[in-house]
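Visitor: Sequence:
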Amino acid sequence: MIDILKDIINFIETSGMLGAFIGCFLILIESIVPVLPLMVFITINFLVFGNLVGFILSWIFTILGCIMSYFIFKKGFGNKFDRLTEDKERLRNYKKLFKNISVSQLTLLIAIPFTPAFMINIAAGLTKMDFKKYFISLLIGKISLVYFWGFVGTSFIESISNPKILIKIFILLLITYILSTQFINILLFLSTKTIFLP
-11 MIDILKDIIN
-1 FIETSGMLGA
9 FIGCFLILIE
19 SIVPVLPLMV
29 FITINFLVFG
39 NLVGFILSWI
49 FTILGCIMSY
59 FIFKKGFGNK
69 FDRLTEDKER
79 LRNYKKLFKN
89 ISVSQLTLLI
99 AIPFTPAFMI
109 NIAAGLTKMD
119 FKKYFISLLI
129 GKISLVYFWG
139 FVGTSFIESI
149 SNPKILIKIF
159 ILLLITYILS
169 TQFINILLFL
179 STKTIFLP
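The working numbering numbers the first residue of the sequence shown as -11 and each following residue consecutively.
Accuracy of the hints is not assured; some may be wrong.
Said to hold, decoys possible - List of simulated lysine-lysine pairs, DSSO-like, C-alpha gap at most 30 Å:
#1 Lys121 with Lys156
#2 Lys121 with Lys68
#3 Lys87 with Lys68
#4 Lys68 with Lys84
#5 Lys84 with Lys63
#6 Lys156 with Lys84
#7 Lys87 with Lys76
The hints are simulated quantities; they were obtained by calculation from the structure and are not laboratory data.
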């Protein structure tokens, strides 16, 4: 894994503008194809372009990828989803709830490292969420997300020569995962209460 990562970094570094394009393109595609590892691509950008430029590029292209995914599902499947949920009350309730989620809640949801971003993009597109609200949440939420995965990724590379860093990364990931799941559980609980209130 490390050798492959080094080969990719070396290729990007020696490819000039093409390398910069590849690094950004990988981030863009990851937002649409969820099986690709976002952390790896952000780490590559951080290592190749430095923390500041790597962060800015990763942040911009993650947002662009999410927006592309949003519009693909809004324009391509939004009307079909409306027809599908027309006679299903529970689905309509969930759809309405997600569409009307506040900017602060959506921002927190996007910022959580273990939230599946592609699902948020799909849900936002299918429910035809207001683009301005979605865009603002992306701009803010992706800041901490990109920084978190950049920090974890670069720290993991450093841990090869210093195993103590690996322990710190594991503890950080564990704490983040627990907090993430707790927040999502609370949000789901509150959502359920809201939906089924008389």
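Visitor: Decide, hint by hint, whether the structure agrees.
Guide: Hints, verified against the model:
{"no.": "1", "hint": "Lys121 with Lys156", "in the structure": "35 Å, violated"}
{"no.": "2", "hint": "Lys121 with Lys68", "in the structure": "23 Å, holds"}
{"no.": "3", "hint": "Lys87 with Lys68", "in the structure": "16 Å, holds"}
{"no.": "4", "hint": "Lys68 with Lys84", "in the structure": "16 Å, holds"}
{"no.": "5", "hint": "Lys84 with Lys63", "in the structure": "18 Å, holds"}
{"no.": "6", "hint": "Lys156 with Lys84", "in the structure": "41 Å, violated"}
{"no.": "7", "hint": "Lys87 with Lys76", "in the structure": "16 Å, holds"}
The earlier numbered hints that this structure contradicts are 1 and 6.
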